[in-house]
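Going down the list, the protein sequences come from chains A and B. The working numbering applies: residue 35 is where the first sequence begins, and numbers increase by one. The working numbering applies: residue 37 is where the second sequence begins, and numbers increase by one.
Treat each hint with caution, since some may be false.
[To be verified] For each label pair, taking beta carbons as the anchor points, the in silico distance ranges come out as:
no. : chain 1 : residue 1 : chain 2 : residue 2 : range
1   : B       : L80       : A       : L223      : 18 to 26 Å
2   : A       : T194      : B       : A66       : 24 to 32 Å
3   : B       : G87       : A       : A52       : 32 to 40 Å
4   : B       : V94       : A       : T53       : 37 to 45 Å
5   : B       : R68       : A       : L240      : 24 to 32 Å
6   : B       : A66       : A       : L183      : 18 to 26 Å
7   : A       : V133      : B       : V94       : 50 to 58 Å
8   : A       : D230      : B       : A66       : 31 to 39 Å
Read the hints as simulated data drawn from the structure, not as lab findings. The beta carbon of each residue, even a glycine, is placed where N, CA and C say it ideally should be.
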Amino acid sequence: MRAWTVLAMAAPEPPHGATLGGTLEVLALFAMGVALVGLVLVEFVLKSRMARSTYRWTLLLGLFILPGVALLGTTGHMFESMKEVESCQSCHVMEPFVVDMHDPRSATLAARHYRSGAIPTKQCYACHTGYGIFGTVEAKRDGFRHWLLYVTDTWKEPLTYKGTYPNANCLACHATSPTFTVVESHGALRQQLANDEMNCFTCHGLPHPARPTRAPTRVTINP
Amino acid sequence: MRLPSSDALIRAAVLLTVMGLLLLLPILFAIRAGWVGLFMLGSLLLTVSMGLYVVAVVRELRRGGAL
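Can you make the complete structure from the sequences, with help from the hints?
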């Protein structure tokens, strides 16, 4: 591996300007701070000195509007942050997958995509979200299922992909790229690929390390 | 069954909101599996507190003859 490739991988470029997640975080923090200070002051210090109507209106702000803004901001920030590789890696179950992706010697599809810089950020999300109209919703549903399995310590090793990986996720980027269209066999297999009758991995190798080669991730006493 | 007074309902709503907002805080700083659970609990507390506030206000308005 050339030195510049390693350097490029070691220092990913930070996002420019304000991000949606960052803006929502600031909004949520502001709403939380104002609501917390305001509620404590109004309910425990100023209540007896305030007119009843002023008290009610202030509570409308502190109990309804500001917490609503804080909840929406936090939810939006959380959903945005969940797209980052670090959030997937925060469950140690995903550690072998992320470590492999960052491994400069790995030959898996995930590592090759990462090395080439084809997916510069949010690599897990880019490949594990359906590109249909409900792709994000399905990703959130799957994420919630993974979270439940993780916190209840009921996941089974080795981890397996539920269902069949849809070729549409690969084709969303590759279908129109010259490096894809120039290959004759892709044209010949177009129908099979579109109908998921043949998987991209059949010819292009595994996206992640094979199950027997992954280190066990469970650290609890359950087998 | 005798319901608690509006003041008691609002006091409970305030306490639940304060707890709910504090539970939302950790997830804003880092995404961790355990903190997602805190976020869910915080969301639940905030929803309950909003419900309590609505009940208290509706009761006061009914008592005043506005509803």
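Taking the hints in turn, this is what the structure says about them:
| no. | hint | verdict |
| --- | --- | --- |
| 1 | L80/B <-> L223/A: 18 to 26 Å | violated, 50 Å |
| 2 | T194/A <-> A66/B: 24 to 32 Å | holds, 28 Å |
| 3 | G87/B <-> A52/A: 32 to 40 Å | holds, 34 Å |
| 4 | V94/B <-> T53/A: 37 to 45 Å | holds, 40 Å |
| 5 | R68/B <-> L240/A: 24 to 32 Å | holds, 29 Å |
| 6 | A66/B <-> L183/A: 18 to 26 Å | holds, 21 Å |
| 7 | V133/A <-> V94/B: 50 to 58 Å | holds, 56 Å |
| 8 | D230/A <-> A66/B: 31 to 39 Å | holds, 37 Å |
Comparing the model with each numbered hint stated earlier shows that hint 1 is the single one that does not hold.
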